[in-house]
Structures are given as C-alpha cells and as structure tokens.
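Trainee: First residue of the sequence shown? That's 2 in our numbering, and the numbers climb one at a time after it.
Please keep in mind that the hints were generated in silico from the structure rather than gathered at the bench.
One thing to keep in mind: the hints can contain errors.
Label pairs and their calculated CB-CB ranges [said to hold, decoys possible]: (1) R82 <-> E257: 17 to 25 Å; (2) P240 <-> R82: 44 to 52 Å; (3) S151 <-> S222: 49 to 57 Å; (4) R108 <-> G270: 15 to 23 Å; (5) L79 <-> R243: 51 to 59 Å.
Just so it is clear, CB atoms sit at the ideal spot from N, CA and C, and this is done for glycine as well.
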Amino acid sequence: MTLLLVGLSLMPPSWLVPWSADVAAIAWFPLRPLEKALATVRLLLRRPVEADPALDERSARLTEERDRFRGLWYAEQLHSRELRERLEAIEGVQRSARSIARPVAARVLSRPPGPESRMFVIDAGSDLGVASGDPVVVRGDLLVGRVTGSPSAGRSSVAQLGNKAMSRIDALVVPAGRDESSAGALVPIQLAPNSDGVLSGEVTAGSGVSQGDEVRLADPSWTPASQGLRIGRIRSLKPLERNPLRLTAEVEFEFEPSRVGIVVVLCEGTP
C-alpha cells in the first residue's frame, strides 16, 4: 500500500485529477439516496406555519395601542417639563424682588424666519393682563425685549433687544468693583442697534467702563417694572475715529435668542 501511495504521488497532476474525481463519485454514490431522504425530512420538519388573520389583526391593534400610549407618555413628559420651566422662571422673578409687577410665564410659539427679524410670539395675551410695553425677561431680571403691538387673547408679539424698530434705550453701565451708591459709580449710556443687531453706545474714555461691566436699563419711556433690568455686558470698547476721547461700547446679550423657550412677562395691568 505504501509503494502504491508513493507511486501515485509521483504521477503527474493532469492524470491524478480526473482519476481521483471518478473515485470520489463512486464513493459518494451510495450516499446520494440518504442525502435526498434527509433533505425531505428537513423540509417536513420546517413546514411553514399558516398565517392566522385574527392573530395578525390583534397584533396590529396592540402595536397601535402601544404607539399611542407611548406618544401620550412623551407628551405628558414635555408638558411636565414646560410647567417646571414656567415655575422656575416665575420663582426667578420673585427672587429678584420685583413686587411692582405681576409675573406671567409664557411659552414662545413661533419666530419669523431669519435672525434679522428679532421678533417672536408668545402664548400669553390680553386675557392675562399682558399689555403693549410690558418687559419680557428670562432668568429673573435678564431683559429679552418687550411686548409690542396690540396683544390679543392668548397671543402677544415680543420685540427682542436689538430690533431695529426699537428707539434708543437709556441705560447705566455698572463698572465692576465699584460701590454703586458712590457718586459717579453708574455711567449713563444711550444704546441703539447697529447693522448687526448689536446694541452699542458711546462713553467717555475716562469713565472707568471696561469689558465685562454690567449694563442695566434706566429709561423713563419703559414701564416702572423695566427699570434696572439687566440688558447685558460690555463686549468691546473701541475709540471713535472722529473723537479719540470717546469710546464705542458694544453690549453682549446674556441669552441666546434662538434658544429662549419660556419667558416671563412683567405685567402691571390686571386680567
């Protein structure tokens, strides 16, 4: 047998391939019927289950019910979060001790397209005592804008700070590290929106105003509840070309307008 294997290994592959294939076919021939029988048994064991229309209908109904209750659950979660945000917003106003106004929490409903509009609509209106000119704040005393136009029941339009339709705003700069009660501690500034919607004004170069100082509203044309509200902080100071002794101060808002969702209207009227 060993000599036979050695002799076969010395033969050329062109002769061994067809010969070995024939031998394999002869060896597998007795197993062919068994293979077919096993395949038949496998098909019988895996016979497809007939569809049950009643079961399919019930499954579809259960899936629909599950999706509906899941949607209701998410809606309640969103409503709960909105109520919590409204409560936190009102508590922030109460902490700022603005007893002269009645806080009304509102949700932003829509914004006109484009950042240049600087307007939005809220779901609080005349039925809650909201009136034109009422200031709108976030985080207690951070001024966002004020109600404009004629509020209706459940609807009001708000003009944000930086809206070009707004007139100039009188404000006070509070230099950091200074006693506000001392003379000259508060620096008056008149703000107006520039082409980019950023509020800017002029101050004297030696006034002590620096980057990061707070800017607060002090404008008699706004309601009493608006006075002292935070507008923002000084972002930059640049000398005027026509007068180096004067500086142009740009104010940076401390809120992102596109991210404001819950606001508080400081109402002085009654529902």
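Trainee: Please go over all the hints and tell whether each is borne out by the structure.
Mentor: Here's how the hints hold up against the structure:
1. R82 <-> E257: 17 to 25 Å: 19 Å, holds
2. P240 <-> R82: 44 to 52 Å: 48 Å, holds
3. S151 <-> S222: 49 to 57 Å: Since S151 and S222 have Cβ atoms about 18 Å apart, the given range 49 to 57 Å is violated.
4. R108 <-> G270: 15 to 23 Å: 20 Å, holds
5. L79 <-> R243: 51 to 59 Å: 54 Å, holds
In this structure, the one hint that does not hold is number 3.
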